[in-house]
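Assemble the whole structure, with the sequences as input and the hints as a guide.
If you read the sequences in order, they're chains A and B. Residues in the first sequence are numbered consecutively from 2, following our numbering. Residues in the second sequence are numbered consecutively from -9, following our numbering.
Hints should not be assumed to be uniformly reliable.
[As the list claims (entries may be wrong)] Among chain A residues calculated to face chain B with C-beta under 7 Å, some are:
(1) L100
(2) H101
(3) Q175
(4) P178
(5) A208
(6) L215
(7) F238
(8) T240
(9) P248
(10) S297
(11) W322
No wet-lab data here; the hints were simulated from the structure. A quick note: this is a predicted structure, and the numbers were derived from the prediction, not measured. Glycine included, every Cβ here is placed at the ideal spot set by N, Cα and C.
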Amino acid sequence: MDVEKLEQEAAKALEQAGSLEEIEELRVRFLGRSSELKLALREVRDRESGISLNALRQSLEAAFEQRRSALEQVELQHKLMAERIDVTLPGERFSEGHLHLITQIRREVEDIFLGLGYMIVDGREVETTRYNFDGLNMPPWHPTRSPGHSLFLADQVLLRTETSPSQIRVMEAQKPPVYMISPGRVYRRDTPDATHSPVFHQVEGLAVDRGISLADLKGTLLHLMRALFGEKREVRFRTHFFPFTEPSIEPDVSCHMCDGAGCPVCKHSGWIEMGGSGIVDPNVLEFVGYDPEEVSGFAFGLGLERIALLRHRVPDIRLLWENDLRFSRQF
Amino acid sequence: MKVPFSWLREYAPVEVSPEQLAERLAVTTAEVERVSWRGVVDSGGNFDHFRVGRVLEAEKHPNADRLQLCKVDVGEGEARQIVCGAWNFGAGATVAVGLPGAIVPGGMKLERVKLRGSVSEGMIMSERELELGQDHSGIMLLPGDWEPGALLADHFVLGEAILELDVTGNRPDLLSVYGLAREIAALYKLELAPPPGNDPEQVADEPVQVAVDDFVGCPRYVGRLFRDVKIGHSPPWLKARLSGAGMRPISNVVDVTNYVMLALGNPLHAFDLERLAGGRLIVRRALPGEEMRTLDGIERKLDPRDLVIADAAKPMAIAGIMGGEESEVADTSSSILLESANFEPIGILDSSERLKLRTEGSNRWEKGVDPYLAGQAAQLATELMVQLADARWVGHTDIQGELPARPVVRFRPERADELIGISIPADEQRGLLERFGFDVAKDWTVTVPTFRARDVTREIDLVEEIARVHLDEVPFTLPARRAMWGRLTREQRLRRRIEDALCGMGFVEAYTYSLVASDPDPRAIRLPDPLTAEHALLRTTILGGLIRSLEHNLDAGNEQPALFEIAHVYLPGDEDLPDEPVRIAGLTWGGFARAKGAVETLYRALAAPEPSFESSGQLPFLHPHKVARVGENGWVGELHPELAEGEWGAFELDLADLAEVARDVVVYEDVISFPAVKQDLSFVVAEEVPAGEMIAVAHEAAGADLRGMEVGDVYRGSQLEEGQKSITFAVAFQSPERTLSDAEATSLREKVVHVLAERFGATLRS
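Structure, rendered in structure tokens:
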């Protein structure tokens, strides 16, 4: 047989083949069991023609393989092209849950203080006047002791007006040092409006140890405020008065909206009031059996709703209690 | 408290601007809410446009019945023509004139205008227009000896900055201009003027008939008697000060009492002596059933705890709070008994709360006024009575109980350093305390001034004095820790896992009030005096709140709501305080099966074994035949169809229950090395047989190698008899030790088939 002619014939046929089916037909014709080449190979008796026919077979096989793979590529591209989609169509909907904004803020604050080595205490909400007032050095005539300000259940039982009673319970139960925060619900006789709610959330912080100073309080609150409102925030402190701390100071954080230039959020002062704090009054330490000459401490309290209102620009505190999904799903 | 800046500077000549002062005070002393302005704006020579004028002619405007046409000398040689709407003056009156170009309080600029055909070259001003008071019944009449053309600003403070302070309850000493000046002088190291008020000559020595029956309520009473008092207007300078401090000028005598209260912080009261029965006063508690009409015209029932100032017959004033109408100083009064007393704070606070009556006076008394102040206050009042009301001072008495001694405190400057966290030289601390009025002995024994005696009684209170002044210099540090334990408790971690698992299922967290209008548990704690009926009970279940939130969302048209809340409930028990377990409640679209699915998924997420679901009797809010108990205190069910349209699944679980079954550390079980033999087995059973019990019984019979048995399908229909159902279970047999042989699998299957037949009459369908 004419090797050269066969090779040329096959090459030409391959070139014209347009589909994998045609290539398979040609393979049967040129390389199949009863193809001229296979028959010839079977007939081979001498070494020389064997070499030349085998070379032809190899070369044909290579040519077929190359052509098939090229066509396969083309067909794959066609298939993929046919599968093309409008990627701007919406994806399949998963219904995602959301944590309440206050839970998110509570966790944020918890994590900040976990990082500082504090424990977290979940205090009780129905309290005695002993823990809510007496232990906190609130004088008998203090206005929050009156039923006009607080919600009483009995003469000496009320819904706690702040998270501070859990400080007293923790200190009574353990020796110093104490490093704790306590987030939770508190209650006041306030009629609900845009900025008031009879039920709201506070977080209380307390550190009692040897050598705790006002400087430690300032540093801790600076850390907290920057973690909540951004690293660029400044914190200043103003003298204030609370029965359970002495000295008492109030932290202001530089406004996160205007960087202190003045805007409606900070009432054009550049500063936003963030709560109360101070050095734990010696009377409070003595109440729980600590020696104020041995240990000192600081305490602070802030409202979680206030953070939500300020940082997330929630215009009305009642939105946090309505649970409208159009609100909740934003956070 | 509003403090006119110029008044403050009379006592402490501070050189900084009102705004700078406000910033400093905010840090060290008291919050300054704002710096406002009283009166005429002082910029661009505006003060020059306000002059003293003398009316030369005044007659009716030719074209207007209600206007006067005036010629007014304002020191320019030629008189100005001014049209005026007031009629309380005529030719010869001395008046305040605003010239064209003047910006009056409120911002309006005066122009030369034509009024009903006559040119008006200025405006004759009323008290209210100059913000000197409320009087707008006519124009303000000035003393006749004021020279026409002189600047009004040369006679009184035409306009000035006002500091508006919010003083905390521990600093009643700051509730006066002089007290604030004393603080400022200390802060800025200025020389403080001596306290205002020097006694003039007492011209007679009439007896002052005052008795104090209750020295606890009234430790001191200075009474002074004045005769020939001429009631009239106060001069403009005094009106300017009162108005700037936020008080309304009334008459010279009343204004004097208010002025002294503002200047020194000791509220005073003036009685019309002629109207006091017996011409005498007694300080006592009210008698049972006594009543009196206070200055505000209200008839008030008195309580025997209320301290009153009574004449021979009945109460004439509620001590420290408000005077009575009957002995009020009137235009005709000429003999005045002036009270400069001291009252004990708690009693005043209680009375003021009982009577729901708060006044400038009670606000000071209830915080504690220095008992040693009454003498000085009497001196200032007497000086002004003589000066402004031509009064003759004819009598004096000073009745004193036991006045408190000045507290003495041991102070260690190094203690202050420790607590503040900086080092302040000891002599600097000494200087500071001395400037604040403390006497500091060589050995650091500190004697507290009388005006701080309530607030400063301990070393820590002195530390605060140092700290507040140095607050800005205190560095930012963190506590030096020797022990750390920053981690969540197991329950706190669990709570977060639950929150996250429910969020993962698409639930949105809700917060609802713990105070509710009604609760299914009749033992729920009721507030004796709730805020409103809506917030009257402490809830024992969270579900009620979630139902309200669901209603809100349905009204809003929000689709597929699924809500959860984790909160305390309040269960009354034997103790004084209720038990406050934490509960997890959910409410979702999709009925019972969806709620149960959520509970099952939650248990799996906590690596807890599947709980038992036991069909339960009725529970509040729920469909009576679609409810199951879960664990000890939990349940899952479907909302009663009367509560909301559609099918709504609900559950409430107890955190402590979950804590018991949740696994923290899961130990690996080999379910991979040896494959499971999986089969579907269908059984026909009577309708009332619960699938859950069949599964439990099968597990009991087949042992651990029955790896799983789950309901795939429940069929009821024509191929079955009435009252029967077919349940198909997907069953998996698997051993952790070897691949089960066909024979072993068959034997396990037979055990299941046998036990279900025996216990439930179940027949295997082929």
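Here is what the structure says about each hint:
Against a cut-off of 7 Å between C-beta atoms, the interface hint on L100/A holds, since the closest Cβ of chain B lies about 5 Å away. The interface hint given for H101/A is met, as the beta carbon of that residue sits about 4 Å from the closest beta carbon of chain B, less than 7 Å. For Q175/A, the shortest C-beta to C-beta distance to chain B is roughly 11 Å, which exceeds 7 Å, and the interface hint is violated. Below 7 Å, beta-carbon pairs count as interface contacts, and P178/A has one with chain B at about 6 Å; its hint therefore holds.
Interface restraint check for A208/A: the shortest CB-CB distance to chain B comes to about 6 Å, inside 7 Å, so the restraint holds. Annotation: interface hint on L215/A holds; nearest CB of chain B at approximately 5 Å, less than 7 Å. Interface hint status for F238/A: upheld, as the beta-carbon distance to the closest one in chain B is roughly 5 Å, under 7 Å. Restraint check, T240/A versus chain B: the minimum CB separation of about 4 Å is within 7 Å; hint holds.
With 7 Å as the threshold, the beta carbon of P248/A comes within range of chain B, its nearest partner Cβ sitting at about 4 Å, so the hint holds. Because the closest C-beta pair between S297/A and chain B is about 6 Å apart, less than 7 Å, the hint holds. Using the Cβ-Cβ criterion of 7 Å, the hint placing W322/A at the interface with chain B is satisfied: the shortest such distance is roughly 6 Å.
In summary, the one numbered hint that this structure violates is 3.
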